[in-house]
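Here are the chains, one letter per residue:
Protein chains: 4
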Amino acid sequence: MEKNNAPMQDVQSGPSSVALPLDRVGVKDLRLPITVRVKGRGEQQTVADAELAVDLPSKLKGAHMSRFVEALKEMSHGLSYDTFKSLMADITERLAAKRAYARLRFPYFLEESAPVSGSSFPMGYDCQVEGEYEDGHLRFTLGVAVPVMTVCPCSKAICDEGAHSQRAIIRIKARFTGFLWLEDLIAIARNSGSSPVYALLKREDEKEVTEDAFRRPAFVEDAARAAALGLSEHPQIKWFEVRVESQESIHDHSAFASLSMRKDAGKTNRG
Amino acid sequence: MEKNNAPMQDVQSGPSSVALPLDRVGVKDLRLPITVRVKGRGEQQTVADAELAVDLPSKLKGAHMSRFVEALKEMSHGLSYDTFKSLMADITERLAAKRAYARLRFPYFLEESAPVSGSSFPMGYDCQVEGEYEDGHLRFTLGVAVPVMTVCPCSKAICDEGAHSQRAIIRIKARFTGFLWLEDLIAIARNSGSSPVYALLKREDEKEVTEDAFRRPAFVEDAARAAALGLSEHPQIKWFEVRVESQESIHDHSAFASLSMRKDAGKTNRG
Amino acid sequence: MEKNNAPMQDVQSGPSSVALPLDRVGVKDLRLPITVRVKGRGEQQTVADAELAVDLPSKLKGAHMSRFVEALKEMSHGLSYDTFKSLMADITERLAAKRAYARLRFPYFLEESAPVSGSSFPMGYDCQVEGEYEDGHLRFTLGVAVPVMTVCPCSKAICDEGAHSQRAIIRIKARFTGFLWLEDLIAIARNSGSSPVYALLKREDEKEVTEDAFRRPAFVEDAARAAALGLSEHPQIKWFEVRVESQESIHDHSAFASLSMRKDAGKTNRG
Amino acid sequence: MEKNNAPMQDVQSGPSSVALPLDRVGVKDLRLPITVRVKGRGEQQTVADAELAVDLPSKLKGAHMSRFVEALKEMSHGLSYDTFKSLMADITERLAAKRAYARLRFPYFLEESAPVSGSSFPMGYDCQVEGEYEDGHLRFTLGVAVPVMTVCPCSKAICDEGAHSQRAIIRIKARFTGFLWLEDLIAIARNSGSSPVYALLKREDEKEVTEDAFRRPAFVEDAARAAALGLSEHPQIKWFEVRVESQESIHDHSAFASLSMRKDAGKTNRG
Numbered sequence: 122m123e124k125n126n127a128p129m130q131d132v133q134s135g136p137s138s139v140a141l142p143l144d145r146v147g148v149k150d151l152r153l154p155i156t157v158r159v160k161g162r163g164e165q166q167t168v169a170d171a172e173l174a175v176d177l178p179s180k181l182k183g184a185h186m187s188r189f190v191e192a193l194k195e196m197s198h199g200l201s202y203d204t205f206k207s208l209m210a211d212i213t214e215r216l217a218a219k220r221a222y223a224r225l226r227f228p229y230f231l232e233e234s235a236p237v238s239g240s241s242f243p244m245g246y247d248c249q250v251e252g253e254y255e256d257g258h259l260r261f262t263l264g265v266a267v268p269v270m271t272v273c274p275c276s277k278a279i280c281d282e283g284a285h286s287q288r289a290i291i292r293i294k295a296r297f298t299g300f301l302w303l304e305d306l307i308a309i310a311r312n313s314g315s316s317p318v319y320a321l322l323k324r325e326d327e328k329e330v331t332e333d334a335f336r337r338p339a340f341v342e343d344a345a346r347a348a349a350l351g352l353s354e355h356p357q358i359k360w361f362e363v364r365v366e367s368q369e370s371i372h373d374h375s376a377f378a379s380l381s382m383r384k385d386a387g388k389t390n391r392g
Numbered sequence: 122m123e124k125n126n127a128p129m130q131d132v133q134s135g136p137s138s139v140a141l142p143l144d145r146v147g148v149k150d151l152r153l154p155i156t157v158r159v160k161g162r163g164e165q166q167t168v169a170d171a172e173l174a175v176d177l178p179s180k181l182k183g184a185h186m187s188r189f190v191e192a193l194k195e196m197s198h199g200l201s202y203d204t205f206k207s208l209m210a211d212i213t214e215r216l217a218a219k220r221a222y223a224r225l226r227f228p229y230f231l232e233e234s235a236p237v238s239g240s241s242f243p244m245g246y247d248c249q250v251e252g253e254y255e256d257g258h259l260r261f262t263l264g265v266a267v268p269v270m271t272v273c274p275c276s277k278a279i280c281d282e283g284a285h286s287q288r289a290i291i292r293i294k295a296r297f298t299g300f301l302w303l304e305d306l307i308a309i310a311r312n313s314g315s316s317p318v319y320a321l322l323k324r325e326d327e328k329e330v331t332e333d334a335f336r337r338p339a340f341v342e343d344a345a346r347a348a349a350l351g352l353s354e355h356p357q358i359k360w361f362e363v364r365v366e367s368q369e370s371i372h373d374h375s376a377f378a379s380l381s382m383r384k385d386a387g388k389t390n391r392g
Numbered sequence: 122m123e124k125n126n127a128p129m130q131d132v133q134s135g136p137s138s139v140a141l142p143l144d145r146v147g148v149k150d151l152r153l154p155i156t157v158r159v160k161g162r163g164e165q166q167t168v169a170d171a172e173l174a175v176d177l178p179s180k181l182k183g184a185h186m187s188r189f190v191e192a193l194k195e196m197s198h199g200l201s202y203d204t205f206k207s208l209m210a211d212i213t214e215r216l217a218a219k220r221a222y223a224r225l226r227f228p229y230f231l232e233e234s235a236p237v238s239g240s241s242f243p244m245g246y247d248c249q250v251e252g253e254y255e256d257g258h259l260r261f262t263l264g265v266a267v268p269v270m271t272v273c274p275c276s277k278a279i280c281d282e283g284a285h286s287q288r289a290i291i292r293i294k295a296r297f298t299g300f301l302w303l304e305d306l307i308a309i310a311r312n313s314g315s316s317p318v319y320a321l322l323k324r325e326d327e328k329e330v331t332e333d334a335f336r337r338p339a340f341v342e343d344a345a346r347a348a349a350l351g352l353s354e355h356p357q358i359k360w361f362e363v364r365v366e367s368q369e370s371i372h373d374h375s376a377f378a379s380l381s382m383r384k385d386a387g388k389t390n391r392g
Numbered sequence: 122m123e124k125n126n127a128p129m130q131d132v133q134s135g136p137s138s139v140a141l142p143l144d145r146v147g148v149k150d151l152r153l154p155i156t157v158r159v160k161g162r163g164e165q166q167t168v169a170d171a172e173l174a175v176d177l178p179s180k181l182k183g184a185h186m187s188r189f190v191e192a193l194k195e196m197s198h199g200l201s202y203d204t205f206k207s208l209m210a211d212i213t214e215r216l217a218a219k220r221a222y223a224r225l226r227f228p229y230f231l232e233e234s235a236p237v238s239g240s241s242f243p244m245g246y247d248c249q250v251e252g253e254y255e256d257g258h259l260r261f262t263l264g265v266a267v268p269v270m271t272v273c274p275c276s277k278a279i280c281d282e283g284a285h286s287q288r289a290i291i292r293i294k295a296r297f298t299g300f301l302w303l304e305d306l307i308a309i310a311r312n313s314g315s316s317p318v319y320a321l322l323k324r325e326d327e328k329e330v331t332e333d334a335f336r337r338p339a340f341v342e343d344a345a346r347a348a349a350l351g352l353s354e355h356p357q358i359k360w361f362e363v364r365v366e367s368q369e370s371i372h373d374h375s376a377f378a379s380l381s382m383r384k385d386a387g388k389t390n391r392g
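Listed in order, the protein sequences are those of chains G, W, P and S. All you need for the working numbering is the position in the first sequence, starting with 1, plus 121. All you need for the working numbering is the position in the second sequence, starting with 1, plus 121. All you need for the working numbering is the position in the third sequence, starting with 1, plus 121. All you need for the working numbering is the position in the fourth sequence, starting with 1, plus 121.
Rather than coming from a laboratory, the hints here were simulated on the basis of the structure. One should not assume that every hint holds.
Since copy identity is lost for identical chains, a pair holds within one copy or between any two.
What the hints assert, rightly or not - Straight-line C-alpha distance at most 20 Å; calculated EDC-like pairs for lysine to aspartate or glutamate:
| hint | residue 1 | residue 2 |
| --- | --- | --- |
| 1 | 359 | 305 |
| 2 | 149 | 247 |
| 3 | 194 | 233 |
| 4 | 194 | 325 |
| 5 | 160 | 247 |
| 6 | 323 | 281 |
Extracted from the complex, chain G is given alone in its bound form (with noise of 0.2 Å):
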């Protein structure tokens, strides 16, 4: 048939009958398996889900989608903020575009140790790292969603017994200088409730997370603060987003509280 050995119509190059230029044009639910770095323990293997965008120039009527695949196809298998950038790079070039976006985002393992027995079993929090590029530069955002547990100071103060408690999430974002681990900020967060949680407690394990919990009753807003105060204690933090939700055992609602700060300007955005 002619049609087929005819050069195939390159309909995205061609011009748009809106003239309207697109802030991001791409693809999103796109699942891999990549390889993160682990602070001083190598690397390890886990499932991303991909968002990739460029803008796109009121010129033209489409972006060649296939191309941010082909770029994650190229992208080096282990995860850094440099094999990020290049990706970053890749996918502007191979779209002649002036600006990109992506965000990967994936559970990362760490092996959490009960506090009195030492078990330990991992616990998978999700991690995304996110970018904006232009120009040659990078606004980089690592964020992570960590689980703790909360228990409600006012309830604490007002009953006679027990006070109550939930599941609560930490998810905090974060630009810096340098290189920062996905640990430190799990680490602030986890830090950040009225108890870590964990996957494996024994009978000992669970009087001392419990206690502990009632020792530092916690807000929600306490939760956000604290968290907010790790990481503007942190030097290589200069900006970060901490949202908390706590799914109230009370209610079948959640509470929430939240806050962003950039350190060089001493205070909250809003503030």
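Chains W, P and S: place on chain G using the hints.
For chains W, P and S alone, kept in the frame of chain G given last:
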């Protein structure tokens, strides 16, 4: 155009190239507004998600899927046993089938009053009606999902102070004789944890809810058995299934317990 | 017991050990029934998911979270710009805050008639109202998510027969002067893909919808620009954001395109 | 403190106040890294979500939930039939139970090569292993979820041009004799729609995939039957269940078809 005026081909009624009967063919994730009867108080409007299916004999290539939607359109807006049975008879007939399946899932709201202040606010419960229809007979199942609070009995027994608590979800499905209200299943579930939960609690309520929960510590196993006991004592219920999931506040995973019971048999299904 | 009779401690109003102001403190995932006004046809009842928050100064330990729920309880059932603004003024006052944030998400149903047979069935659209309130001023944003069908222009141009099509979701947020109906945003979105989609289509409708879609192939970029064009031509809309995601049928990932525009500036936010 | 030095109470081993046996008691939503064997290529590391349970007799108040996690910790990292069976024997013994249940869900990646260019990229498939264990016997089930593309045969027959297509998900569960690879189930599913889907397609591939799909239009019923035919012809498979869901591009709801078959009976379960 000639082609447009010709009668359109009925592809679905043609023969299947693979002569296998199908158990269920239908539509799912179809949203629609519905009206549900409320115990002693008229009715409430809510939003349902529908799944409807019939069997398909080996000789037919496909089902006419639009007929499910037409049947839903004809359904009297007020959802009840009778209208649901009519819907199922209708889809069986419209699709020339032997058997039909239907499930409607919807949030259902009940005003719940706080135990001390009496303040009230609607609590939304995820409910469902489910049916299997054949030869004019409907096997009808009601289902509810009810959040409660559980206090860990082990944690309470071994700790010098406190005990971890968390939100747990009690899911019940039940078959019964006569008429049964969603309210009856919800009430059984609300009484089966350490405490019911509420949307609106003032400080004096929070104190009472917490202390009440600490007076009645319950493992996920205890909550499942308490619900099962309540269901087994209900004179109309002839079969039920209970599944409780507790979102453990000292872990990032959940604990669960389940059982089902056919009451004419006087014991659990597997016992 | 003596403790019970003493006035209960107001822990939230006490000092915070970390003197950082919080951007937002509040509740989320709180479900409630609401009533929404329908263009030209009275109102409809639906089910909302609420997120409400205020800022918290550095000197206060916590917010009285139950006051958000009390404010929702007092809200006139009919959701409108005026009742939403009153809700936000109310939470600002109840919580002695400077700023408030609120968002209600809900499915909203419109009868959509098939293009040839005229058969109609309600289509549910995920909508939201969102507000930021400060000093008596409300920045109000309406949002809709509208499924459409897209036919790939590249696939259509290069294939001897056919072209891949898929469901795409057009998400619009808009700020505006005067009064704007959800219906207006939904109509713009429905016209921005290759074809609108419907719950109920008879065979003659399916033929028309498919052929119509094949006459108007649209990349995700085209759909985003078409929606942007419609929004930019609407006299009341002063800011909008469009994000289109296409669930590519030849892949297991999605393509997306987005832009935002401030119309007084006469160009896109980043352009 | 005296209490701390006393042996801690074993609450779980105490009597239950409600003497009902429980079908399943266990843990769920527990994440961990695992290693899965790959057909002909060693193994791959991925991330699993585990659900583990045992039965609980009426005389025991609770199960020692930490023992499930200890059993997972002891599990040889390489997931296989043998290690999975050992895990189940282990939890049965650790928890002094008669029966055990286990399910591990994980994304599993296979390089898939585009049909013309040969470009390859990993495709992630949601897979699971599931087991019911009693008296040393394991009933073992493999499961896969595979996205494909379907072109509507009715739309193709009645339209002057085009036909709607969409992504569909083929879910298979199978029990078998001997050893069966996930790859075998995935291959059957990939061949059962109008076309397999790929992460990376160049223009010549997109042309081929689309034209191939249009040559093989398939209702959701056809895809279910094609998969069933492939499974029924596989000599090792003795039971299977197929469920196909098609995300109809002309609707906002899905169509589905399902069947199950016990091959020794020579017909479907309900046929």
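Now the hints, each set against the structure:
{"no.": "1", "hint": "359 - 305", "in the structure": "within (14 Å within a copy, 43 Å between copies)"}
{"no.": "2", "hint": "149 - 247", "in the structure": "both (17 Å within a copy, 17 Å between copies)"}
{"no.": "3", "hint": "194 - 233", "in the structure": "between (33 Å within a copy, 12 Å between copies)"}
{"no.": "4", "hint": "194 - 325", "in the structure": "between (48 Å within a copy, 19 Å between copies)"}
{"no.": "5", "hint": "160 - 247", "in the structure": "within (17 Å within a copy, 29 Å between copies)"}
{"no.": "6", "hint": "323 - 281", "in the structure": "between (28 Å within a copy, 17 Å between copies)"}
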